[in-house]
Each structure stands twice: as structure tokens, then as C-alpha cells.
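Numbering (numbering that gives the first Met the number 0), first residue to last: 0 to 424.
Rather than coming from a laboratory, the hints here were simulated on the basis of the structure.
Beta carbons are placed, not taken as given, at the ideal position from N, Cα and C, and that holds for glycine.
Among these hints, one or two may not hold up.
As the list claims (entries may be wrong) - Across the chosen pairs, the derived CB separations fall in these ranges: (1) Q215 with A121: 43 to 49 Å; (2) L209 with D160: 36 to 42 Å; (3) P295 with L208: 27 to 33 Å; (4) P382 with R157: 21 to 27 Å; (5) A104 with K145: 45 to 51 Å; (6) A364 with A121: 38 to 44 Å; (7) L208 with G254: 23 to 29 Å; (8) Q202 with D250: 27 to 33 Å; (9) T88 with K145: 46 to 52 Å.
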Amino acid sequence: MHDLPPRYSPLSGLRPPRRTARLRLTFLYGAVCLVFGAILLTVTYLLTWGALTSNFHTGPMAVSIQQAHQAQPQNGAEQIALDRQLLLTRSGIALVIVSAAAVGAGWLLAGRVLRPLSTITAAARRISASSLHERLALEGPDDELKELGDTLDALLSRLKDSFDAQQRFAANASHELRTPLTRERTLLQVTLIDPASTLDTWQAVSRELLASNAEQERLIEGMLTLASSEAGLSQREPLDLAAIASAALADPRPGIGRLGLSVRSEIQPAALEGDPLLIQQLVTNLIDNAVRHNIPGGDVLVSTGTSGGRAVLSVTNTGPVIPPAEVDRLFQPFQRLGPRQARRDGGHGLGLSIVRTITIAHDAALTVRPRPDGGLAIDVAFPSLPLYRPNGHVPDPRPAVRPSALYRVMRGTGFAHRSQPRDGE
Numbered sequence: 000m001h002d003l004p005p006r007y008s009p010l011s012g013l014r015p016p017r018r019t020a021r022l023r024l025t026f027l028y029g030a031v032c033l034v035f036g037a038i039l040l041t042v043t044y045l046l047t048w049g050a051l052t053s054n055f056h057t058g059p060m061a062v063s064i065q066q067a068h069q070a071q072p073q074n075g076a077e078q079i080a081l082d083r084q085l086l087l088t089r090s091g092i093a094l095v096i097v098s099a100a101a102v103g104a105g106w107l108l109a110g111r112v113l114r115p116l117s118t119i120t121a122a123a124r125r126i127s128a129s130s131l132h133e134r135l136a137l138e139g140p141d142d143e144l145k146e147l148g149d150t151l152d153a154l155l156s157r158l159k160d161s162f163d164a165q166q167r168f169a170a171n172a173s174h175e176l177r178t179p180l181t182r183e184r185t186l187l188q189v190t191l192i193d194p195a196s197t198l199d200t201w202q203a204v205s206r207e208l209l210a211s212n213a214e215q216e217r218l219i220e221g222m223l224t225l226a227s228s229e230a231g232l233s234q235r236e237p238l239d240l241a242a243i244a245s246a247a248l249a250d251p252r253p254g255i256g257r258l259g260l261s262v263r264s265e266i267q268p269a270a271l272e273g274d275p276l277l278i279q280q281l282v283t284n285l286i287d288n289a290v291r292h293n294i295p296g297g298d299v300l301v302s303t304g305t306s307g308g309r310a311v312l313s314v315t316n317t318g319p320v321i322p323p324a325e326v327d328r329l330f331q332p333f334q335r336l337g338p339r340q341a342r343r344d345g346g347h348g349l350g351l352s353i354v355r356t357i358t359i360a361h362d363a364a365l366t367v368r369p370r371p372d373g374g375l376a377i378d379v380a381f382p383s384l385p386l387y388r389p390n391g392h393v394p395d396p397r398p399a400v401r402p403s404a405l406y407r408v409m410r411g412t413g414f415a416h417r418s419q420p421r422d423g424e
């Protein structure tokens, strides 16, 4: 047997009306009016019944039997019953009419109240990634809908700033990566077309290419670290900020000897919770920045301690005078105080950007003060430790060896399986 096709029904294509906010408010207004009208009708009916009953009195029989037969049923108790029935019928009809009018008025009032929402919806559908500069700019009383419109305008402003920052980052990253690639291609082309190229020439070119490759690797590691710190924390564990700072100060830095810098430290115990790799990256970047952007014979001061129960890292250095208006720009990706100095020192303008994103990821407070004589004073205050630790874990004073950002990415994708050891293991 063949299955019969389903019968077509003219009602099959009909859909129930969408339960919009306007429709729900309309039914709510009508239901409220109906309920309170019914209550008013009931109270009125009971009061009228009581009044009619109390005014009806039976007296002595003063009529004959013939007159009683001729009496109309509207007299006495029957008249009261008919009046009650008439009152109930008319009141019910009035209630239905008033409820219908309330539904119509509710529909109009709901449309009036929700009209700003239609404006917000239309504007939100119209705004795209290429038109984030547009704003709702709702007008009217300072009510909840106006507050919603202002909140969406603020959200659009933040989205626009984020999109602009991403576009600038992509453009700057492309420029930074293109520069060494162009230099490498030019170096190879010149060497290839030179008929007098010798083995020594190619060895020199190879050394130049290796140096350029190392520069690109540092740039890529910086961008990967910046991206990983912006993604948030994958782990938190107790750390000793003093031990991390001491280990970072022990790393050799050629700039210290070349500039004849005086590096001093005031290391006091300071416990915090955070990602060990990111915290060590933050401390290293601040010290590297203080050394790189310094003057011959300048000073660098690194201190750790606690203030108000919070672990605090302070890095102060001498250097060129920085206008206060330029401080925020230095924490943007690929922004440098001086292009020629940055190129000479091998900086890419990512160090302080990484510091800021790591600080935000740890809910820490970053304070930057330009010094009148030159240089910066940077303080990072980390949140207080919780008073109760259910596992009783004690911070390990040995900072973990910091693998490169490229190693961390490979480890996350499964290309690296062996954990790097700690110092002394």
C-alpha cells in the first residue's frame, strides 16, 4: 500500500501570532482591567443586594384574595430579584465593553512605550563593522529605555576602539614583519648578482640572515606573548615575586655594560597568585625596558615588597624626558619613544604592551609616572592573597624557567611533550 499524502488543510499554513512584548503588555493591561472590573462589579452587586434587601419589609395582609391574584410579579421580592438580575446583566455588558476598550488602549499605550525599542532594534541591525561610528543617540526622558540606548552607545564606542586597535596592530605587525623580509631578499639578490661573491661573502650573508631571523623570532614571540596574555589566565598558583625579580636581575644584559648603568635592587618578600610564565615575562620586560631606554651612566632600581597586603613591584630608571601625554602611547603595540633608538637597541615596541596586558589579566594596578629628570617610575600592585587556602599550598620560591612563547604554542598544539625543568633539577 502506498502512503496517502497528508490532507491539505487551509489552517495548516497559519502560524500563531508572535508573542511580542507589545502583545503581552496589551493582554496584561486587558487582564488587569478585567480582574479589577470584575472585583468592582462583585462589590457593587453585593452592596446593592444588601441595600435592596434591607429596604424590603413585609406588612399585614390588607388586601383581599382577589387583589392578591391580580397583583403583578414585579412587586415585592420578585421585583428585587429582577432588579438584581438586570443590574448584573448591565454591569457584565459594561465590563466587557470597558475591557475591550482597555485592550485597545493598552495596544496603543504599549506601542507608545516600546517605540524607542523599535528605534534601537533598527539602528542595531543597520550598524555593522564598517559603520561602528554611528550611534543611537536616543532622545526623550531619562528613563530605563534611554539608559539602555546610552549603554549600547558606550558598547559601540568600545567595539570601535577595539576594531581600530586590531587594525592598527595588524598593519603595524605586517610592517614589522615585512621590513626584515625585504632586507633579507635584497641581501640575497645583491649577493646573487655579484659575480665576485666568494665563500666569505656568503658566510657573511648567512650571518646577516641568521641575525635577521633571530629578530623576526623575537618579534613573533612578542606577538604570541601579547596574544596569550590578552586571552586571560589559564592557571593561577602561589608565587614569590622576590624570587622572580632576583632571577630576572641575574640574567645577563649587554646594555648594562655598554651604557655603564648602575643597577640596584631592594628585594623584600612579596607573595602573589598568578601565572608563573606571565609574571616572569612582566618582570623581565620591565627590567629590559629600563635598561634599553636609559642614558650612559644612568641608574636602574628594582624593588619588591608589600603595601596594604598587596605584592608590589617597582622599576625606576633614568633616561630621556618623557612628556606625560606620551606615556599612554608607549603602552600601545609597536609604539616607541624614538624609532632610531629602538631600531638600534633591537626593540619592537611590544614590551610595555605585554606588561599592560599581563597586568590586566592578573587584575593588578599599573601606575606609571614620568620622572622630571627623565625616565619612568613604574609600579605594579597585585591583588591580595586569599586568607584561606584549602589545600595548604606553600609558594615555591624557585621561579620556573621561562620557555619561549613559540615553545608554549607548540606545547599547546601537541608538538612539544617534554616539560622544561626548573633550576637545579
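Here is how each hint holds up against the structure:
1. The hint said 43 to 49 Å for the Cβ distance between Q215 and A121, and at roughly 48 Å that hint holds.
2. For the pair L209 and D160, the beta carbons lie near 39 Å from each other, so the given range of 36 to 42 Å is met.
3. Distance hint check for P295 and L208: the Cβ-Cβ separation is about 32 Å, which falls inside the suggested range of 27 to 33 Å.
4. With their beta carbons about 24 Å apart, P382 and R157 fall inside the hinted range of 21 to 27 Å.
5. Under the hint 45 to 51 Å, the C-beta atoms of A104 and K145, about 24 Å apart, miss the expected range.
6. Between A364 and A121 the beta carbon distance is about 41 Å. The supplied range of 38 to 44 Å therefore holds.
7. Separated by about 24 Å at the C-beta atoms, L208 and G254 satisfy the suggested range of 23 to 29 Å.
8. With their beta carbons about 30 Å apart, Q202 and D250 fall inside the hinted range of 27 to 33 Å.
9. For T88 and K145, the Cβ-Cβ distance of about 48 Å falls inside the hinted range of 46 to 52 Å, so the restraint holds.
Of the numbered hints listed earlier, the single one contradicted by the structure is hint 5.
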